[in-house]
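A.B. asks: These protein sequences, in sequence, are chains A and B.
The numbering used here numbers the first residue of the first sequence as 1 and each following residue consecutively.
The numbering used here numbers the first residue of the second sequence as 1 and each following residue consecutively.
Careful, some of the hints might be misleading.
Some chain B residues judged to face chain A by a derived CB distance under 8 Å, without partners named [to be verified]:
#1 GLU38
#2 HIS161
#3 VAL162
#4 ALA165
In silico DMTMM-like links for lysine to aspartate or glutamate, alpha-carbon gap of 20 Å or less [stated by the list, open to error]:
#5 A:LYS315 to A:GLU253
#6 A:LYS3 to A:GLU67
#7 B:LYS179 to A:ASP134
#8 B:LYS179 to A:GLU109
#9 A:LYS258 to A:GLU248
#10 B:LYS175 to A:GLU96
#11 A:LYS78 to A:GLU32
#12 A:LYS172 to A:GLU197
#13 A:LYS78 to B:GLU164
#14 A:LYS343 to A:ASP263
#15 A:LYS126 to A:GLU110
#16 A:LYS76 to B:GLU47
#17 B:LYS179 to A:GLU96
No lab work stands behind these hints: they were computed from the structure.
A virtual CB, placed ideally from N, CA and C, is assigned to each residue, including glycine.
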Amino acid sequence: MEKELIRLADIAMQFDGEEVLRSINLTVRDKEFVTLLGPSGCGKTTTLRIIGGFETPTSGEVYFDGECITNLPPYKRKVNTIFQRYALFPHLNVFENVAFGLRIQKLPEEEIRSRVLEMLALVNLKGYERRSTDALSGGQQQRVAIARALVCRPRLLLLDEPLGALDLRLRKDMQAELKRIQQQLGITFVYVTHDQEEALAMSDTVVVMDKGRIQQIGTPEDIYNEPQNAFVADFIGESNIIDGIMHEDRLVEFCGRKFACLDGGFEKRENVDVVIRPEDIDIIPYQNGHIKGTVTSVTFKGVHYEFIIDVDGFKWMVQSTDYRELGSEVAFIIEPDAIHIMKKSEYSGMFGDYSTYSEAYDRDIREFDGEEPQEEKQYEAEE
Amino acid sequence: MKRFNRIFTVAVFIFLYAPILLLVAASFSSGTSLSNFEGFTLSRYSELFSDKNMLGLLLNSLIVALISSVVASVFGTVSCFGIRRLGRRAQKTVMTVTNIPMTNPEIVTGISLALLFVFIGQMLKLKDVMGFWTLLIAHITFNLPYVILSVMPKLNQLDRHVGEAALDLGCTPIKAFFKVTLPEILPGIISGGLMAFTMSLDDFVISYFVYGPAFTTLPVEIYTYTKKPLPPKLYALFTVLFLAILLVMIVMNIVQARDDNRSRRNKNAKGEITLTRI
Ligand SMILES: Nc1ncnc2c1ncn2[C@@H]1O[C@H](COP(=O)(O)OP(=O)(O)O)[C@@H](O)[C@H]1O
Ligand SMILES: [Mg+2]
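So here's chain B without its partners, still in its complex pose (with noise of 0.2 Å):
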């Protein structure tokens, strides 16, 4: 049974990585197509590295992912508190809204945005509305729901005396946000805003419907190559990207991680008091 059960996880992590492993590996060879490795070569990277169209579309997801993922922390940070302020059953009404985007096919909240922008603007009488802001704006919509949600629960963990104890102690109430009450939920900050910014990078669906042709990402672009062959340059560029968010969560496990002992070990110190005598 042991051994089987070895045999499967083995099988699991083969047919997990064994797409991505033959990527990397394409992205390495001189060969043209996948079924033939000749030898070893970087040019695939320095071809990828000399685009200068496929960099400027990689530059543009960056920034759409980098500025999207920011603003979605703040405002989401900042909706969580307002959140924490409603009564219980509100509270509760408003999380079940909240996490509704992030079932809702992707394909719903795509057309919807696009409906909304096209409508928006009609009433403004502006041609082109889609581009850069609406792109913008869509992602910074379908990624606040990653940031509340693991935004609250840090939240919820805070003593609502620890804030007050910084007033008590001389700060005003912006001081003792960032002085106590920010370094407690940072961890889930920058978790919920890293998990937002690899949503982003990613997307294609959402972005495909509320691009213009003035602002494209890399995923919208890319789609439309799968029609041709592929140019074996792309390869380096998904290792590299695959690499990034690879990079990217090890981060955020490490985050998680840290915070997770600590909260551990604060547990156990609490359940000691009646306990230990100093």
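Just chain A, same shape as in the assembly (with noise of 0.2 Å):
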């Protein structure tokens, strides 16, 4: 395990009386790739800018290789940004714009060319040297905007949703390329996102927020398997929430029938939420089922269908690569690893059932979740 390289202690902030991050304690260590994850407006930009120097908290206290750096100006600091929309600078061409960092530091023109030159090949920008920057597509803007940031060296790298603007399959390539430098420089990321599936590709670890406090902390593993609560549940992939009463240690009921799990270290009788993901329901024929329903919705998804089933009004999500007829009876058994248990929380009953699910509704969530620029318009003018 790597040492400690930025730890963030108790950090809350206040936008004019309004909170947006409360006791945010994170520990991030040396060449980890750490993720941000959670819906717009829960306060990934404005952590990640306490770590750059951009923002002071209200309170708490950010340390960099062990010293407190909380009221450190982003010059002082080791560490260097991607901002959301590059933040390229117009009046300069690729190779100034690259070289820009060092040139601050007064190095020595040959070194600066060097260097500048072995990281515009790192990223695949070679001969784009002498072009004016509004030239290039996004894809290649973001590439200048990595060179830029990378050719200093720094500790840690943050990045606020470096692929937000491009398409899908620039996208893959990038977080491919992306995952590759980080891994050959051996440098720390915090990478911002809302793109869960971007976050568990990528992340060495996942930080799960929302209403501005952590939700959970986990490798990508854990917090797709063992989800905190009803909101990481929601957020990470599908799930069915349903609630249920825990009876003893591995034994749970819901649905009026007791099943088998492997959690435990609950009370007795508590009152918990129990997720359990569509790809781990098995379909089976009606008279064998602990589960009945009807089938009220079937998609094709390629690989496989994802059914909506009506069980005496709560609606389940079932993923299987059997075809089953619009409104057929049919059944389904849960094995105990299929099961996991969380506590009860804030977020218990907001999630989990597919009563409400369209397959627009849901784009309609995505897209309006992408949509940053104008919120940000919104503020600034307040500042």
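Since each chain sits alone in its own frame, please combine them into the complex, following the hints.
C.D. replies: Okay, here's the thing in structure tokens:
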């Protein structure tokens, strides 16, 4: 395990009395790839800006390499940032953009030249030195921003939704490329995104945030398999979340039945949230099942079908490679290792029922999530 | 229709430029009045350039125009940063208030400034307040809106994160301003400053109320001439002035055109983002 590089100790942040972050405690280790994941407006950018030195927290401290840097201005921090919309210098060409940080350090011209060229090669922009930055595509501008930050050899790189403006395919390519660069240079990354797939694919550690608070910190597998509350379970992938009662260790009751499970450590007869992932449910012949219901929606997803199944008014999402007809009666069984038990939280009852589910609605939400610029404009004027 | 349009356009151009062409022609004519062109001569120009008094007045005008436009450019730019920090509504109000002096009749501005100067002069028990300083202050005052008006849009276009990126890469705030922010808004400052310069150079109305006998500008002095027959060397002077202003305007247009070009390309590139693969 590498040693600690950055630590946020009990950070709180208020803008005009409005609480934006509360009790943020986070440790980032050297060479780690940490992702802050959460819906738009949950405080990811603010957290990043506190690490970068662009905001001073209302309370709490920031430690870098064991040293308190809470009040250190950005230009004295060994941290570089890739801003949400690149923020390249429009009056400088590609070479000069990348050379900017080195010129400020007053390095000899020869060293500047070789380091800039080396960095442009790393991000596949060889031969673009003399181009004006406005003549580049979005993906290329992104690469210039990456080169400009990395050429300064920071210990820590902060990235704020760096791929947010790119189309899907380009985004996948850049994800792989960023990961390659991070491993090749051995730099610590703190990465912000609202895209859960991106977070799971790239990170060593995922920090799930909502309403200015950290909901869970863990490896991508932990976050997916062992969500701590209904918010995390719902935000990362699809989940059915059902009210249950824990009778004893490894025995839980829901849907009027008792099920064996693998979790324990709860009070006797404690009310809990039960999470079951749609892909962990097996559809079986009607007469053999524990839980019986009617198929109310079928969607073909390529690898599998996605069914919405109505069981006494609660709508389950089930994914299966076997086709069932709309309106057919089906049953399913749930194996002990498919059941994950969570303590009740403020999010209980808000997620995990697919009654109001529809594809179009889901898509709208995603698109809305991505729409950041407008919001940012609003408070820009209020500064 | 098309032909009509063309004729009309030519007519408008003749209408606009004929008087000036006539003036230029007159400055090279050896006749004594505009009605009799006799021969080509440069004597008007040599008369002009040997007239110490006239050149002194021209110098006065240039000094006032230069200082007032530079000072207005600096103050105007700084106040733009202040205005940007206001809330959206306050910003709008301030901009409107800033623009009023431009549409305000000059005679009103002139008289109110004169009243103010006299008032302050009395408070400070000064004799002869009117002079160089009052003239300069008045010119700075009416120049400011032109600068603000042309810098503000540049500043609004500027990505807030560009300045932060400079800090991120090791610039102190001052360095970030000179290395990144200033180059970005410079076209706005230059065109605002040039506009202010030309406004100041030919201002008569406001200057008339705030000048003192010790310091006069060219337009004010010439106005007192018009009552008598104009000495022909003035034609030469006007021609020189016209060419000078023309030059300033051409420079301003080039600056703006280059800047527009860049913004347009910038916009195109942004629009492509979702379409282009590397
Ligand atoms: N400078 C600011 N002034 C006032 N409110 C702000 C400011 N920056 C962020 N906020 C508010 O803080 C909240 C979190 O914002 P942000 O950190 O940008 O979220 P995210 O990056 O997760 O979308 C939002 O409600 C936003 O309106
Ligand atoms: Mg953000």
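A.B. asks: Of the numbered hints stated earlier in the document, which are not met by this structure?
C.D. replies: 1 and 16
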